[in-house]
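**Student:** Fit chain B to the given chain A structure using the hints.
Protein chains: 2
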Amino acid sequence: MSSSPQTQALSPAIVFDTLQAYQRTVALRGAIDLDLFTAIAEGNQSLGAIAARIQASEKGTRVLCDFLAVMGLLTKQGSGYALTPESAAFLNRHSPAYMGTMARFLVNPQTAAMLEDITGVVRRGGAESDQGALEADHPIWVEFARSMAPMMRMGAELIAKMFGAGSRPMKVLDISASHGAFGIAFATQNPQAKVVGLDWANVLEVAKENARAAGVADRYSTIAGSAFEMDLGSGYDIVLIPNFLHHFDAATNESLLRKVHAALSPGGIVLAPDFIPHEDRITPARDAMFSLQMLGATPHGDAYTFLELEAMFRNAGFARSELRDLSPHPQRLVVSYK
Amino acid sequence: MSSSPQTQALSPAIVFDTLQAYQRTVALRGAIDLDLFTAIAEGNQSLGAIAARIQASEKGTRVLCDFLAVMGLLTKQGSGYALTPESAAFLNRHSPAYMGTMARFLVNPQTAAMLEDITGVVRRGGAESDQGALEADHPIWVEFARSMAPMMRMGAELIAKMFGAGSRPMKVLDISASHGAFGIAFATQNPQAKVVGLDWANVLEVAKENARAAGVADRYSTIAGSAFEMDLGSGYDIVLIPNFLHHFDAATNESLLRKVHAALSPGGIVLAPDFIPHEDRITPARDAMFSLQMLGATPHGDAYTFLELEAMFRNAGFARSELRDLSPHPQRLVVSYK
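Here the protein sequences line up with chains A and B, keeping their order. Those letters in the first sequence? Residues 1 to 338, by the numbering used here. Those letters in the second sequence? Residues 1 to 338, by the numbering used here.
I should point out that these hints are in silico values taken from the structure, not numbers from a laboratory. Beta carbons are placed, not taken as given, at the ideal position from N, Cα and C, and that holds for glycine. Not one of these hints is a red herring.
Covered stretches of chain B, going by a simulated chain A footprint (3 or more residues, C-beta under 8 angstroms):
(1) 20 to 26
(2) 66 to 72
(3) 95 to 104
(4) 278 to 290
(5) 323 to 337
In silico SDA-like links for lysine to any residue, alpha-carbon gap of 25 angstroms or less:
(6) A:K194 x A:E229
(7) A:K208 x A:M230
(8) A:K59 x B:E116
(9) A:K59 x B:D249
(10) A:K259 x A:G317
(11) A:K59 x B:A250
(12) A:K59 x B:L134
(13) B:K59 x A:T119
(14) B:K259 x B:E229
(15) A:K59 x B:S255
(16) B:K76 x A:G125
(17) B:K59 x A:T283
(18) A:K76 x B:E279
(19) B:K161 x A:A13
(20) A:K59 x B:R314
(21) A:K76 x B:P330
(22) A:K259 x A:R324
Some residues of chain A that are not near chain B, with every Cβ distance over 10 angstroms (derived):
(23) M162
(24) E229
(25) G233
(26) D237
(27) H261
Extracted from the complex, chain A is given alone in its bound form:
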């Protein structure tokens, strides 16, 4: 049973660390649930003060804070802790960019269960079914709309600045509107923009709530139902399709894109922000890894590369497509021209 000389120089650390990686998710979810980052933001930096504020033992607080410091979500000075720029911006509940809600969607039992049968998922090549997630009014999309809005709002603002600036009249359709952030950003950016949000009726309640909060409710109307079945209307300058095409196979996407093509004005464009890996499918890491989530969550979805998306748009009649960077928002954008 002794190892070869070659093997002896190698460390199994990557195997051990990967099998333990789930603890990173557990630790961050726990810290968000305990509102630990907010406690530190409020000035509690010593172990005793943090523990008292989150109503936890000093030992448990110490172990959790150290774990977060190892991951780069806190800094440690002596026995005290401080927020990093990222945890101050995104994990302190008092920050306008607070994103702790993401944990509710990304790490709930329903989401995690999608990957529990990983061997079955890989064997079949996808989820056994969409578990009703694509049926009308499934509650998971209300949870998505409420939980993921803060991260998506960052991308929405960037896109609206790129394509919505100015004050010319503009008609925008937001397919799979969800929280409404993408469409609302256009209405906020351009006082002449009129926005139509399309989604299930229960989800649209969240979008309308956000449109009211943004002061653009008078220019925000809705279509309740499936994008594949409803009349989309016509004469749009811009159709937003955010984080939607990854749920379906290419043929299904092409059938939707043909409808979208018909609904666009001449010179109109589609804007589709998404996780889009390079053609090697292994970079950038985040986009590439997203394909596993789609494998576990959908029967036929995927994290499509730009060339795959470009072919779908071309087959649906679009003249040309291009890919744009959205950093620091961690997604990329396909722009396709009618």
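**Tutor:** Only chain B this time, still in chain A's reference frame:
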């Protein structure tokens, strides 16, 4: 709801990625269960050949292989895949250093459940109870012995070469023997070494099996029971205490170390390999992060620093202690002198 200029320059990627980190564990566990690394080791490098060998869809195989390539556990050339030095050594079932069994212990529902109530664990400062894991003959330690032996064997061989070389008569006690690897390595290294393994009776069956396989059964005897309660014997040159002290609080460890001190010959030493973070408790990452696992799994355990362990040994009567590197084995070693 708009973000401040400062926030706009920051990316929430670290938050998103950490909430998705559990998928790394899921993907590796899935690949081990499907024996994907062995399939590639046997010469299947194209997607079609790998998928056929693991009886999975090409799409699922592609997504999983890409995910493993992102993590550095495969390399990708065009549409084909190859093992890395680490996956060839540790994840190919035909390799003598195969460690895929680790997934069974590190990622089973029982282990993962320890952290499900992460907020409760942090609030209390430990597990509500040891869930019987420290009671006689709990099956979890048979699973540990069978699953974790391959990784521990690497550390055991290093330690036996450091302290067991030669052919002088040597009496070794292995407390919490488990798979027996640490004691057996001394018996293999030194033909005059006599080894006593102490553990629960059911676990010792695994150790004895391994001693027979290593051809040292005639110099391997056992004490079945609790190290805290049993008579340890006397006259030992070396007492091994591998991966054991992290389960208990300092006072409990000191009571054991006093018994060990009495059982050692003059000039005898204790060898305690473990996860041992630096005094800052946030480096090295693996050792530091292990404290969260102990918080979730035990009421009073911890990943102790060297200074904490040194104090326990000193309070139990030991003259001095030192810390040694064990790389490439991903743990470190405390050596304490009677």
